[in-house]
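> Listed below, chain by chain, are the residues.
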Amino acid sequence: MAKAKHLDIDTLIDNPKTKVVVCCGSGGVGKTTTSAALALRAAERGRTTVVLTIDPARRLAQSLGLEELGNVPKRVEIAGFEPAGELWAMMLDMRRTFDDMIIAHSEPGRADELLASPFYQTVSTSFSGTQEYMAMEKLGQLVADGEWDLIIVDTPPSRSALDFLDAPNRLSSVLDSRLIKLLTSPARASGWGVRKAFTAGLAMATKAISTVIGGQLLTDASAFMQAFNSTAGGFKERATKTAELLRSPGTSFLVVAAPEPDALREASYFVERLSDESMPLQGLVANRTHPVLADLPATKALAAAESLDKDGNGPLAAAVLRLHADRLALDQREQRLLARFTRAHPGVPVVGVPALPSDVSDIAGLRVIGERLSGNGTAR
Amino acid sequence: MTTPLGDSGWTKELRRARLHFVTGKGGTGKTTVAASLGLALASGGRRVLLVEVEGRQGIAQLFDTEPMPYGERHLVSAPDGGELCALHIDAEAALLEYFEMFYNLGFAGRTLRRMGAIEFATTLAPGLRDVLLTGKIKECVSRRESDGRHTYDHVVVDSPPTGRVVKFLDVTRALSDITKSGPIRGQAEGVVKLLHSPETAVHLVTLLEEMPIRETLEAIDELAKAKLRPGAVLINRVRPPRLPSRSVSAAADGRVNTSRVRSGLEAAGLELAPDVLDGLVAETVEHAIRIAAERAAMEQLGEANQPRIEIPDITEGVDVASLYEIADLLVEKGVR
Ligand SMILES: Nc1ncnc2c1ncn2[C@@H]1O[C@H](COP(=O)(O)OP(=O)(O)OP(=O)(O)O)[C@@H](O)[C@H]1O
Ligand SMILES: Nc1ncnc2c1ncn2[C@@H]1O[C@H](COP(=O)(O)OP(=O)(O)O)[C@@H](O)[C@H]1O
Ligand SMILES: [Mg+2]
Ligand SMILES: [Mg+2]
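Top to bottom, those sequences are chains D and A. In this text, residue positions in the first sequence follow this note's numbering: the first is 419, and each later residue adds one. In this text, residue positions in the second sequence follow this note's numbering: the first is 56, and each later residue adds one.
Just so you know, not all the hints are guaranteed correct.
[What the hints assert, rightly or not] Below are the SDA-like pairs computed for lysine to any residue, each with C-alpha atoms no more than 20 Å apart in a straight line:
no. : chain 1 : residue 1 : chain 2 : residue 2
1   : D       : K625      : A       : G241
2   : A       : K222      : D       : T543
3   : D       : K728      : A       : S318
4   : D       : K728      : A       : G241
5   : D       : K423      : D       : K728
6   : A       : K222      : D       : S546
7   : D       : K718      : A       : D330
8   : A       : K222      : D       : K728
Since the hints were derived computationally from the structure, they do not count as laboratory data.
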């Protein structure tokens with residue numbers, strides 16, 4: 419089977435040149451858990467670390483003291499937790515980050531008007547892509563703070579790992595002011611690469627759109643965009659600027675995946691994309707693996723279980739043998755899937771993180787995950 | 056394979072449904088279960104339409120076929136002479152279709168689309184997208200052939216995840232996103248009526264894990280509040296409990312009777328090194344912790360009092376043949 423290079427987490431987080439680590443991956447694979455565990459480990463190894471979590475599971479948030487939304491980092495202070503460095507944590511408040519961005523970038527007096535726009539209510543709460551956009555915005559702010567040795571960034575729970583890279587652009591192109599202008603006054607279309615012959619048809623089409631969604635919505639949108647662009651330089655430019663941050667030296671990406679076909683496929687797309695964009699991929703975290711803990715072949719275990727069943731004694735031993743055979747089958751499947759990933763991406767270092775038998779929701783659990791991430795504390 | 060504990064079979068009430076939405080937390084198996092349910096409902100000579108609304112080509116991927124265009128087509132045959140058809144509804148295409156019908160846009164329609172204006176309109180008014188999708192679904196459910204019979208005996212929708220499904224189905228609310236008059240609005244009343252009728256059921260796919268269970272219970276609540284009908288809870292990826300149930304809680308606490316295991320193994324002719332035995336015990340403890348957590352999850356699910364169906368985990372991974380296996384199992388449990 420293809421053998422992957424080992425991903426050395428401790429070297430990464432100990433390196434003073436590592437400033438930002440972004441944990442990407444598709445939904446539910448353990449990005450938030452991994453981010454928190456990495457940050458905890460880095461803090462315990464002496465770095466002043468902040469973790470930006472997004473939508474953490476409730477119990478994890480509680481144990482990090484993140485229940486109150488502050489939208490600024492808070493120091494994690496728990497009895498008995500005395501890291502050599504510092505651990506700070508925050509949970510992204512999408513709406514508040516957006517509000518702050520509007521306030522910071524608009525002329526005095528203008529902000530209230532912008533915030534009150536009905537269009538803004540929609541954009542800031544129910545547009546897809548807003549969360550990704552605001553995660554980048556917040557990351558930009560944390561970097562600008564200059565207070566952190568290391569910033570660990572979790573990414574929003576989306577179905578595709580690529581969304582984190584694409585969504586901010588998608589959002590800004592939907593908000594592209596030219597399109598809104600066009601829809602509110604199609605007469606200007608002529609200046610926008612659309613041939614004259616279409617202009618009449620376009621007028622008709624815009625009319626159709628406004629009959630469906632209402633002219634008011636378009637007017638609101640247009641007013642909002644004009645006001646916003648005149649002050650903040652537009653969504654697109656901002657998105658481009660924060661995206662540059664991801665390309666700067668000191669930023670590393672980790673892709674997190676469960677050893678399942680879908681998650682690994684997403685991870686593959688992501689790896690290819692990063693390499694296309696020459697962004698630095700550090701490696702793959704294969705989270706929630708199930709390595710076997712006992713060296714006993716399945717055939718032998720099952721044969722023994724069967725003979726026990728036949729004699730009707732040793733039900734406990736028979737059960738132990740069967741669950742071991744189940745685990746072997748699962749482990750083999752996981753290894754096969756990971757080997758397939760490595761064949762496609764031989765240069766990508768991998769570390770497997772064996773699953774804890776129950777959810778990870780406190781400092782102790784995160785510490786164990788941290789140990790497993792660094793390849794310690796497990797059988798394999 | 057499955058424990059009877061959670062299984063209640065397909066109820067009489069569920070048999071009245073012709074329109075089946077299949078929702079669940081992301082990654083729990085919505086697409087897999089929707090396809091299997093479609094096959095089950097089609098078996099025995101019926102015709103079923105499997106609908107996809109999220110633009111992800113999940114059906115094509117699952118059945119290993121070419122990406123689907125916006126249009127109904129034969130997908131596969133179902134057991135005993137049935138047919139499963141598929142439709143990938145593209146909201147933007149549906150909106151354009153609409154415009155063309157009512158406004159005769161010609162070139163302009165395509166130009167608008169190319170410029171992203173259609174995407175823009177559906178993004179700006181998210182409700183519009185939902186109204187278009189459910190409108191098309193209703194059309195498929197109600198369509199009849201010249202002999203008066205329904206074109207499709209059942210329609211199964213691979214739906215948005217639990218977090219968004221109620222919003223998706225709450226057409227009345229979605230309508231507030233669009234103007235007070237116009238053709239789209241006119242059609243919506245019929246959709247509302249269908250979605251709230253006994254002809255419609257919203258099934259929930261879950262795993263026996265804390266978060267999917269919590270989302271399932273929340274969705275059941277929300278659905279009931281919106282006067283929509285929660286259908287069956289489909290418990291997916293159930294793995295067989297191996298330990299005798301009386302040993303589970305002790306083992307989950309780390310108390311495994313090691314000498315009993317050793318003597319059992321010896322009786323079967325296995326003399327194992329101490330570290331191998333320790334490994335087996337550690338695996339047993341992990342297994343027991345999972346089983347105990349699954350039991351708790353199952354109990355929690357009991358609060359909801361919805362019909363439940365268990366679907367086994369397929370360790371080697373799902374392929375088209377497994378969909379037929381799951382379908383057979385669903386038929387055995389009374390799905391029709
Ligand atoms: N009973 C099962 N046994 C084994 N694997 C399964 C089973 N059901 C689903 N899976 C696997 O789980 C993964 C997720 O399933 P699926 O794509 O159906 O979920 P989904 O809910 O539609 O996901 P999404 O939210 O991404 O749309 C797939 O790899 C699928 O093969
Ligand atoms: N290695 C692991 N062992 C056991 N449980 C895990 C592990 N990694 C994640 N989990 C659990 O899986 C669930 C999803 O993890 P989470 O980090 O929230 O995923 P994501 O942020 O990618 O959506 C959580 O309940 C978490 O406790
Ligand atoms: Mg998360
Ligand atoms: Mg799906």
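> Indicate, hint by hint, whether the structure satisfies it.
Against the structure, the hints:
1. With a C-alpha separation of about 18 Å, the suggested pair D/K625 and A/G241 falls inside the 20 Å cut-off, and the hint holds.
2. Proximity of A/K222 to D/T543 is assessed by CA-CA distance (about 14 Å); at most 20 Å being required, the pair is judged to hold.
3. Of the pairs offered as hints, the one joining D/K728 and A/S318 holds, with about 16 Å between alpha carbons and a cut-off of 20 Å not exceeded.
4. Between D/K728 and A/G241 the CA atoms are separated by roughly 69 Å; this puts the pair beyond 20 Å, and the hint is violated.
5. Our distance criterion of 20 Å between C-alpha atoms is broken by D/K423 and D/K728, whose separation comes to about 46 Å.
6. Restraint check for A/K222 and D/S546: the C-alpha separation of about 15 Å stays at or below 20 Å, so the hint holds.
7. Of the supplied pair hints, the one linking D/K718 and A/D330 holds, its CA atoms being roughly 17 Å apart against a limit of 20 Å.
8. Taking the CA atoms of A/K222 and D/K728, the gap is near 55 Å; set against the 20 Å cutoff, the hint is violated.
Of the numbered hints listed earlier, those contradicted by the structure are 4, 5 and 8.
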